[in-house]
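**Q** For reference, the chains in residue letters:
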Amino acid sequence: MTEEIIIAGFGGQGVLSMGKILAYSGIMQDQEVSWMPSYGPEMRGGTANVTVILSDDRISSPILNEYDTAILLNQQSMDKFEATVKKGGTLLYDPNGIIKHPSRKDINIYQVEGAEEAAKMESTKTFNMIVLGAYLKLKPIVIMENVIKGLKKSLPSRHHHLVPLNEKAITRGMEVVKTIQTV
Amino acid sequence: MTEEIIIAGFGGQGVLSMGKILAYSGIMQDQEVSWMPSYGPEMRGGTANVTVILSDDRISSPILNEYDTAILLNQQSMDKFEATVKKGGTLLYDPNGIIKHPSRKDINIYQVEGAEEAAKMESTKTFNMIVLGAYLKLKPIVIMENVIKGLKKSLPSRHHHLVPLNEKAITRGMEVVKTIQTV
Amino acid sequence: MAKELRLMKGNEAIAEAAIRAGADAYFGYPITPQSEVLEYLMGEKPYEKTGMVVLQAESEVAAINMVYGGASCGRKVMTSSSSPGISLKQEGISYMAGAELPGLILNVVRGGPGLGTIQPSQSDYNQAVKGGGHGDYKLVVLAPASVQEMYDFVEKGFELSFKYRTPTMILSDGVIGQMMEKVELSEYKPRWTHEEVVKMHPWATTGKTADRERNIITSLNLQSDVQEEHNLKLQAKYKKMEEDVMFEEVMCDDAEYLFVAFGSSARICQKAIQNAREKGIKVGLLRPITLSPFPSVIIRKYADKVKGMLSVEMNAGQMVHDIKLAVEGKTKVEYYGRMGGIIPIPSDIVKALETKLIGG
Amino acid sequence: MAKELRLMKGNEAIAEAAIRAGADAYFGYPITPQSEVLEYLMGEKPYEKTGMVVLQAESEVAAINMVYGGASCGRKVMTSSSSPGISLKQEGISYMAGAELPGLILNVVRGGPGLGTIQPSQSDYNQAVKGGGHGDYKLVVLAPASVQEMYDFVEKGFELSFKYRTPTMILSDGVIGQMMEKVELSEYKPRWTHEEVVKMHPWATTGKTADRERNIITSLNLQSDVQEEHNLKLQAKYKKMEEDVMFEEVMCDDAEYLFVAFGSSARICQKAIQNAREKGIKVGLLRPITLSPFPSVIIRKYADKVKGMLSVEMNAGQMVHDIKLAVEGKTKVEYYGRMGGIIPIPSDIVKALETKLIGG
Amino acid sequence: MAELTFQDIVKEENLVYKKTSLLTDKALSYCPGCGHGTAHRILMEVIDEMGYQDKTVGVAPVGCSVLAYEFMNIDMQQAAHGRAPALGTAIKRIMPNHFVFTYQGDGDLAAIGTAETIHAINRGENILIVFINNGIYGMTGGQMAPTTLPNMKASTCPFGRDVSIMGNPLRITELIANLPGAYYVTRQAVHTPNNVRKAKKALKKAFEYQMNVKKGTCFVEIVSNCNSGWKMTPVQANKWMEDNMFPYYPLGDIKVPE
Amino acid sequence: MAELTFQDIVKEENLVYKKTSLLTDKALSYCPGCGHGTAHRILMEVIDEMGYQDKTVGVAPVGCSVLAYEFMNIDMQQAAHGRAPALGTAIKRIMPNHFVFTYQGDGDLAAIGTAETIHAINRGENILIVFINNGIYGMTGGQMAPTTLPNMKASTCPFGRDVSIMGNPLRITELIANLPGAYYVTRQAVHTPNNVRKAKKALKKAFEYQMNVKKGTCFVEIVSNCNSGWKMTPVQANKWMEDNMFPYYPLGDIKVPE
Amino acid sequence: MAKVKGAIVVDIEKCKGCEVCVGACPTEVIGMAKEVNGKGYHYAQMANPDACIGCANCAIVCPDGVITVYRAKQIA
Amino acid sequence: MAKVKGAIVVDIEKCKGCEVCVGACPTEVIGMAKEVNGKGYHYAQMANPDACIGCANCAIVCPDGVITVYRAKQIA
Ligand SMILES: Cc1ncc(C[n+]2csc(CCOP(=O)(O)OP(=O)(O)O)c2C)c(N)n1
Ligand SMILES: Cc1ncc(C[n+]2csc(CCOP(=O)(O)OP(=O)(O)O)c2C)c(N)n1
Ligand code: SF4
Ligand code: SF4
Ligand code: SF4
Ligand code: SF4
Ligand code: SF4
Ligand code: SF4
Ligand SMILES: [Mg+2]
Ligand SMILES: [Mg+2]
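From first to last, the protein sequence lines stand for chains A, B, C, D, E, F, G and H.
Just so it is clear: in the first sequence, position 34 is 34 by the working numbering, and no numbers are missing.
Just so it is clear: in the second sequence, position 40 is 1040 by the working numbering, and no numbers are missing.
Just so it is clear: in the third sequence, position 302 is 2302 by the working numbering, and no numbers are missing.
Just so it is clear: in the fourth sequence, position 251 is 3251 by the working numbering, and no numbers are missing.
Just so it is clear: in the fifth sequence, position 59 is 4059 by the working numbering, and no numbers are missing.
Just so it is clear: in the sixth sequence, position 21 is 5021 by the working numbering, and no numbers are missing.
Just so it is clear: in the seventh sequence, position 39 is 6039 by the working numbering, and no numbers are missing.
Just so it is clear: in the eighth sequence, position 52 is 7052 by the working numbering, and no numbers are missing.
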């Protein structure tokens, strides 16, 4: 199994930590993982993205040109990464703030109302966990138990009391993910 | 013709400028010349030496291990350079301050009382010209006319009034040079 | 005992490894893409735990000279920077080599020349390997290709640098510095005590005691013959360093062609090997792990076996010359590379192999 | 008109040549064995005559960045230093190469590494030729072998550096910097007027006028594709530089062996040729005058003719690798050298030729 | 008479304030609310008003304002980190009738560039140094600068600047004011209209001193926010700046010509 | 009783003054009459008297005193030009109970090393900086230093320092005294017995502050002659120093602990 | 007496929503839009246009220089 | 009353003849030798030994540290 993912959005959306939790979850089930962020001033104020790979085998390049899955959380990311999804691959996005929705016909497309659901949960910080839940519903590459372990690993222990809330958010994400198109 | 000379002594004795005048004289009669000083802190307070080469042909290395002529003006220089005179070559020295006189048997040895004569001329500055005169007596590789030209070239014009004095000193040197041994 | 696994950035791995290796001091100045080294260390406050000194210097020049000062005390001292900052350290590095000091220098290379780009590159190969500073000297240069190697090479780097009393450089790049992978952490090694240092490194300036002559750390020799002797001693040492050459062979057994690549490029070549072998091209990878000493002997050996070698680099072609020197004309050596922070694509690498060597 | 002859030190010749070549500015910091450059200029006060700026900078780092600033205005600007100081300039040199700036840098090499010795050496060959700074770049590197060439290469150096918009380095050493020889002086060339500069160097920051876009001098390209394009453009330029390769052949016609040597070493090889020929050994000298671009083509040509080449260097063997790369295994290439400020002796060079190539 | 409508007011002849043409149309790369933009603008306004675009050469640093040349519509050079005053020295000496300024951050000017700053000013180079002090390394992601306040957090002092280990914040402006080569030294801010007006006046003075008086270096510090580095909203950051930066770096003239 | 003869007096028990054993037997490489020698001696005397040879690490600069390690019988490091304070910083932080000093000339400390000097002191590194100000670059043959006086001749200002081109002499000692990290700052001389005694006292104080008080950097400037560079005899040079250097660099304490 | 009336034009696409202008306005003219621009920022707009006196304070502090100010005399 | 009497020993070979000691001596004890040492320097010596009070001023200022000072009480 190898899953190659790009997660992209605004700086504040928790894109990087979402990738980190995913990667940690992979470690928890003995997979090889890599996590490669965009870095430098290009991040400033603007977009952030991270490439995450989980694999049963040694990972060669941590930087990719095309992905099994793209998780896109703003318009700029949509513009930049829609085209990079492999044929037959998966695109998951939050429609909030999206003007130009994805138009490719050869990929699976899903939506998750992450921002909206986070507002409902009265914690904008849960946004990325809701999106993660949606993703894991589509691609159960790591089991929930390991996600929780990964979450604990990537959170400093003083934040461990937030784990149940995050778990709830993940579950919520799994529930609300919507299929737009499958191929 | 190629003449390879080392001139060595204390810093203040005018060793470098004597070499320079010699080199300039060579230029005046269309020879190739090179002038290579010791440099850096090794000069500080201590000794100074310069290698001068005059030649009808292109000069290859400006740094030498043995010389046609050594002009040695203090004990340290004597200790260091006596051995570097080519077999059959020439060693000219000022006996003032010399404790260990040269002992080689295979070279020509001459003395010039430069310091003493300079004192007599009431100008310590003429010291190096007296020595130069002695040398030119032994090795008339450049003619007097060109030495004067060389002198003028190497002195800033505000010092040109000193040329006659220097000329006198050179002449004096030619007169007082003493043969110690010839081979 | 269960091994401790952690997901870390390459830069963080370096920092954590330093603490655990019992490093005595780190001195650095921020620059992308390696500022996390200092940031991580400052977050960990090792000065309160192991006593390791961590200091943000006023510049890269100050930092390398702090390393010089600390290394002279026989301690494990390190710095890190990226390309422009490493250029500024060249005088200091040359001094360290001249004074025969150990020490660890991490270069997380970005694209040059000049301010260039902050994106990953391997264009400081020559600088690291041929000596960017003045004079005849060599560093030990390690080229990690994973976060785990970033971690491991800290201890290895210190070890070699003390063994040969010459600075070790870890030549990494923005990919390996910024990416996270899982890292198996080692046990904490205690820092050397002052007494241990005095015993192990009798050359170090630890304070002149009655039982020994004073120790002097200098690279100055005003007399040429003494300096030449010193130079010859250094050269002999660099020759001896070849014992510690390190490289990795991937699918080389049946290979008709060889990729030669280090660091990030080597990882991408692994994918390129898969692609190529699917196409029926028997290609392997020779990955120099030590760029200095360079694995010339093994490359020379393969020169008799393979039909050609492709040096894959993220620069304009630098290591390719060392490969050519190694093969002594016995096989064809070509170069393929990308520049400016662009990572070569596996398919393009295979294409280059086909056009430059197989078709060519 | 009678030619003007003067007995000058190599360092003085550089300074005089700068004034006469119409240089606009010199920025430098004292260091043995080249301080005479700044001293001579200060004595001549060209700022009162030609308007040339002469300034003692606070450091070598400041000096090279002053050169960057002045060169960016389209002017003929230069600096000089010796090995440790040149190491400090590496970041600035890489910036200049990256920003495609002209400029002249004199390195009067002394023995390294570190503080080393102030005596002459050629151990900065790699640094000059392979790029001591970060990133992929090349300088024009001229290696004078006489005081006259020190003089001549100032104008030549500026010419090439403006032609290719890359810095030129004059790689000299303590022998050539400190020795006096006769120099034939050239006529005074007036400095360019501001209007001439504006016309000749439309890229220069001379003040944005209404008739053109603003000019920007930078080496930064945050986008990788743009930076790669820039890198490719630089590489193409360096390739083109090969047109201007310079070398000298001495008694090569009938040579069975070749000395390859530059600068001071080349002069000593001339004496070694005499010695060898007296012994009946037919040896010639190929003297690279431009070390970058390196005269690979002519060396390759001789590789088919001679039985072997001996690279004679005042270092641990640096240029020898470029000779090896050039000959492509077609003839034997050996190295002989001295270090630490020691000048090779002609007889030892001949002996090395005999044992390493003829006997060997 | 009827109330003026929006359309009535927004007419060329009623124009009161418009971005100067000496700023390019490119969107600034700075974070929202960052003072760099304002500082850029008033500097360009001064040059515009003096009519000296064709006589100006600016030097951009390494720091967030490294791309200043993308925004300032004048000839510019990008200097190596900390070396802008060396470039400025050469430019001015070679073209003494040009207006030359450097634009530098606190990391650039007061850390790595300390020697170049002090010596250029000590030589009395007749240039303008614009010094943006935001107490942090903005560009590289918020590391401690020489000017970071005691106990202030930054990514390389995540528990706050510990002066016992990291030293006290460096008041480089007061320091260089001691040098005879410093002709006019002032500290300003650009977060309120009033401060912007004062800062602009200071820049104008510096301009006049350089072009007409020619007696030494003018040094205009602008205490500015780095809301990203400080991890605040721009409005919070400006408030924090008033409460914390200004007491340590008090605004006003530090050295004025006699 | 008979007059004491020479032999009577020259006996071990009558010994009043003898070179400290913390100076090696190697003849100093300095020019006749150069103050470096005296400065070396009193520094070593202090360390000797405090009994701290085994706890001392010194840093030699690049300059005439580059070979200080040949003469001082203690563990020493030779620093790259100007960087001694960086070395000192590392040594002291790694071995905080050792006595650490740097010994630097004016070119080393106030030109190329400006940034290292200022930042080490600003951090309050608990080291001693001994600063030999002879107004010139001695080692390299008498070039202008940052401290060269107005109109004073040097090989790179053969017509005298023209302050309009070369800037004013830098009073780096007064400058760094402004830094909070500077704990004790004083300017001394060593050309007369009285001055030597005072300078030695200053060094002793610095030693005690470092080892016992630990509150910041001690900085002892010694205004010294460079008779070779100044082209005078040693005696003339000392006189010239009193007449010309001291007015510009007045002797005495500049900053003393409260 | 002539009353002055002002108006501002915000370059919406370049506004970064920093809100610095809001506090700078003496007459509380400016508010932030509910909508975001292409870059995702809530941009500044005249929430209370009648109060604008065209003092240019907002424009003067706008870091991105995206405000243009106009002023006309209202002949009362 | 006990009168003090001093004497100095100059390490002749290491003396550089700088004459700094000469002016430092309160009792004008020191003069320069006519002879030079191995390095060519006229070295310092007690020209007027009786005047020496062993104050060590000369030794304290000697840059080369080549003077050793002794002092004994002359029991009058
Ligand atoms: C030689 C070198 N060292 C370090 C860097 C990395 N670097 C880029 S910007 C910067 C600091 C900028 O901070 P400051 O000058 O305060 O400007 P700001 O971004 O805060 O405006 C650093 C350290 C570099 N580019 N070059
Ligand atoms: C990087 C570098 N630049 C320049 C030099 C040359 N250099 C040696 S000593 C010196 C100046 C010394 O002057 P100072 O510090 O005043 O000491 P002094 O000799 O006067 O005691 C210089 C410039 C060097 N060795 N290294
Ligand atoms: S990081 Fe700070 S200084 Fe840089 S643009 Fe953002 S707010 Fe401004
Ligand atoms: S050159 Fe000057 S500083 Fe150096 S030893 Fe001689 S007198 Fe002293
Ligand atoms: S100050 Fe400018 S950028 Fe900020 S919100 Fe107002 S108009 Fe927009
Ligand atoms: S011009 Fe003045 S009144 Fe109008 S919106 Fe701007 S600040 Fe407010
Ligand atoms: S001071 Fe010392 S070196 Fe100088 S003359 Fe006197 S004894 Fe000799
Ligand atoms: S000890 Fe005192 S009295 Fe005696 S020679 Fe020395 S200075 Fe003069
Ligand atoms: Mg800043
Ligand atoms: Mg000095």
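Please keep in mind that the hints were generated in silico from the structure rather than gathered at the bench.
Here the structure is a predicted model, which is why all the values come from computation and not from measurement.
Any given hint might turn out to be false.
Claimed, not checked - With a cut-off of at most 25 angstroms between alpha-carbon atoms, the simulated DSS-like pairs for lysine-lysine come out as follows: (1) K2330/C x K3301/D; (2) K7034/H x K5205/F; (3) K7003/H x K1125/B; (4) K1100/B x K7073/H; (5) K120/A x K137/A; (6) K3233/D x K2239/C; (7) K3189/D x K1153/B; (8) K2045/C x K4011/E; (9) K2239/C x K87/A; (10) K2301/C x K3189/D; (11) K3237/D x K2356/C; (12) K2271/C x K86/A; (13) K6039/G x K80/A; (14) K105/A x K120/A; (15) K4011/E x K6073/G; (16) K5011/F x K7039/H; (17) K2240/C x K3356/D; (18) K2237/C x K2163/C; (19) K5153/F x K3049/D; (20) K4198/E x K4153/E; (21) K3356/D x K2233/C; (22) K4055/E x K4239/E; (23) K3351/D x K1153/B; (24) K3282/D x K1152/B; (25) K4198/E x K80/A; (26) K6003/G x K100/A; (27) K2332/C x K152/A; (28) K2233/C x K3239/D; (29) K7034/H x K5231/F; (30) K7039/H x K1080/B; (31) K2356/C x K3351/D; (32) K152/A x K87/A; (33) K2351/C x K87/A.
**Q** Against each hint, give a clear statement of whether it holds in the structure.
**A** Outcome of the hint check:
no.	hint	in the structure
1	K2330/C x K3301/D	holds, 20 angstroms
2	K7034/H x K5205/F	violated, 42 angstroms
3	K7003/H x K1125/B	violated, 49 angstroms
4	K1100/B x K7073/H	violated, 44 angstroms
5	K120/A x K137/A	holds, 20 angstroms
6	K3233/D x K2239/C	violated, 38 angstroms
7	K3189/D x K1153/B	holds, 24 angstroms
8	K2045/C x K4011/E	violated, 61 angstroms
9	K2239/C x K87/A	violated, 53 angstroms
10	K2301/C x K3189/D	violated, 58 angstroms
11	K3237/D x K2356/C	holds, 23 angstroms
12	K2271/C x K86/A	holds, 17 angstroms
13	K6039/G x K80/A	holds, 14 angstroms
14	K105/A x K120/A	violated, 32 angstroms
15	K4011/E x K6073/G	holds, 12 angstroms
16	K5011/F x K7039/H	violated, 28 angstroms
17	K2240/C x K3356/D	holds, 22 angstroms
18	K2237/C x K2163/C	holds, 10 angstroms
19	K5153/F x K3049/D	holds, 21 angstroms
20	K4198/E x K4153/E	violated, 30 angstroms
21	K3356/D x K2233/C	holds, 22 angstroms
22	K4055/E x K4239/E	violated, 38 angstroms
23	K3351/D x K1153/B	violated, 42 angstroms
24	K3282/D x K1152/B	violated, 45 angstroms
25	K4198/E x K80/A	violated, 44 angstroms
26	K6003/G x K100/A	violated, 46 angstroms
27	K2332/C x K152/A	violated, 53 angstroms
28	K2233/C x K3239/D	violated, 38 angstroms
29	K7034/H x K5231/F	holds, 24 angstroms
30	K7039/H x K1080/B	holds, 14 angstroms
31	K2356/C x K3351/D	violated, 43 angstroms
32	K152/A x K87/A	violated, 35 angstroms
33	K2351/C x K87/A	holds, 22 angstroms
Of the numbered hints listed earlier, those contradicted by the structure are 2, 3, 4, 6, 8, 9, 10, 14, 16, 20, 22, 23, 24, 25, 26, 27, 28, 31, 32.
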